[in-house]
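Once you've looked at the hints, dock chain B against the given chain A.
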Amino acid sequence: MDNAIEVRDLVVVRGRREVLHGITTSVPAGKVTGLLGPSGSGKTTLMRAIVGVQKVRSGRVDVLGSPAGSPALRARVGYLTQAPSVYADLTVRENARYFASLYPGITSADADQAIRDVGLGQAADQLVSTLSGGQHSRASLACALVGKPDLLVLDEPTVGQDPVLRDELWQRFHALAAAGTTLVVSSHVMDEAGRCDRLVLVREGRIIADDTPTAVRADAGTDDLEDAFLRLIRREEATV
Amino acid sequence: MSVKILLRTTGRVLSQLRHDRRTVAMVILLPLVLLTLIYYLFDKQPGIFDKVGIILIGVFPFILMFLITSIAMLRERTTGTLERLLTTPLHKLDLLFGYGIAFGVLAAVQASVGAGLAYWAFGLHTAGNAALVIVIAVADAVLGMALGLFFSAFASSEFQAVQFMPLVAFPQVFLCGLFAPRDQMADWLHALSTIFPLTYAVQGLQEVGAHATPTALMWRDLGIVAGAAVLALALSAATLRRRTD
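Going line by line, the protein sequences match chains A and B.
In this note's numbering, each number is its position in the first sequence, counted from 1, plus 237.
In this note's numbering, each number is its position in the second sequence, counted from 1, plus 194.
In isolation and in its complexed conformation, chain A is listed as follows (with noise of 0.2 Å):
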């Protein structure tokens, strides 16, 4: 299988507003994908939908061979939230641990291992409460990689942390991506944008970049994402 997430005319209304309006897209499998655009463009939605927890109008996505949200699905995608979701008044070592025992086959052992991974082997036994924001989002990370999920969608991961950590993350992003995992992470920060094997760049529910780094920068003529990014966004505002 090439592609992990199939997306086929999305369409997602919140309140009255229609958030995505007709959404296509492809996100290849062992790859990490990166969802970019300004804040209130409809990345968390996409994802949202991408997890299963979003209602939709109407189109269809396609998770792994299985529609979105499928109860199969639960054991093999991992979600973590833009705002950190764990348990404030848990140690970190306990939430990693109480979400690996929702997984069949994840050990208190693979808790610890996730812990250790972004960077928090230090704060374990800290109560969520007492951490900084940064370390916050981290607990929150390190409870979607322990259930070694096929897809890790990943809302904004990056916010808030330090560079070397920041560096850190992409290197583990990438290297669970070697060893086969499909990722899809958002971001609003640019200079992020290149550290991506893919982009889909969304902007007001549409998409107006798909493809790689290498693609975009060609197809605006820049070698500046940020700047490339801006290009796209004139050409394609002088179309409509």
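Each hint should be verified, as a subset may be incorrect.
Only pairs whose alpha carbons sit at most 25 Å apart, straight line, appear in this in silico BS3-like list of lysine-lysine [as the list claims (entries may be wrong)]:
hint, chain 1, residue 1, chain 2, residue 2
1, A, K385, A, K268
2, B, K198, A, K385
3, B, K286, B, K198
4, B, K286, A, K385
5, A, K292, B, K198
Simulated restraints on C-beta separations [what the hints assert, rightly or not]:
hint, chain 1, residue 1, chain 2, residue 2, range
6, B, L201, A, D362, 19 to 25 Å
7, B, F353, A, V401, 53 to 59 Å
8, A, R253, B, M195, 34 to 40 Å
9, B, A432, A, D404, 45 to 51 Å
10, A, P308, B, F373, 47 to 53 Å
11, A, S276, B, L201, 37 to 43 Å
The hints are simulated quantities; they were obtained by calculation from the structure and are not laboratory data.
For each residue, glycine too, the CB sits at the ideal point set by N, CA and C.
Structure of chain B alone, referenced to chain A:
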């Protein structure tokens, strides 16, 4: 459902309580303070505490469990942990029964300590066995918990959640026979009291108070309370939606 996930969820809720000693202390001690207050309130009226005390041992866990469960579940919703849990292999009932067992354990401790104080320190006299009082009190606490889980779905903030307590718990407490015998109420209130599950918990406790051996009515009342708790848990499961807007 999975026994492993259920037990680990129960363990997780108990760990959260272990880290929150003040809440546990309040849950255990608050009913003692209130029972003491009630005991001295009827200081010059012998025999009244036997009637009122036994009811309160069942009513306090109901109210307290309703309150802490609705807040606990609201937190699961607002911090996003619920949404995350529902993307994992966890079954909704693993979560609900996990809360049920963990808070049930807490309620058992609470009811036992409360009953202990009433019997030994205040000389509470019941014709029936004290263990039955505790069993009914725990069933009552589980009912409060199940209603708390259900009603928390309709609250989007803690301000709203705490106000469901007077809305859901107070009418049941007023009409359960604690303040006035049910047959002396206006007919429509009497009718209303027959559909409130707390009424049956109180009636069951009164049966234990009045009869040396468990009566058929007491077992029926206990069954109704347990049935209402299961019904409320099933309704709560329906409020946990995997897909939302």
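For each hint, the structure was consulted:
1. A:K385 with A:K268: Measuring from Cα to Cα gives roughly 16 Å; hence the hint holds.
2. B:K198 with A:K385: Cα-Cα ~19 Å, so holds.
3. B:K286 with B:K198: Roughly 14 Å between the alpha carbons, so the hint for K286 of chain B and K198 of chain B holds.
4. B:K286 with A:K385: Since the Cα atoms of K286 of chain B and K385 of chain A sit roughly 22 Å apart, the hinted pair holds (cutoff 25 Å).
5. A:K292 with B:K198: Status violated; Cα separation ~30 Å.
6. B:L201 with A:D362: 19 to 25 Å: Holds - the Cβ-Cβ distance for L201 of chain B and D362 of chain A, about 22 Å, lies within 19 to 25 Å.
7. B:F353 with A:V401: 53 to 59 Å: This hint is violated: roughly 42 Å between Cβ atoms.
8. A:R253 with B:M195: 34 to 40 Å: 38 Å, holds
9. B:A432 with A:D404: 45 to 51 Å: 46 Å, holds
10. A:P308 with B:F373: 47 to 53 Å: 49 Å, holds
11. A:S276 with B:L201: 37 to 43 Å: 41 Å, holds
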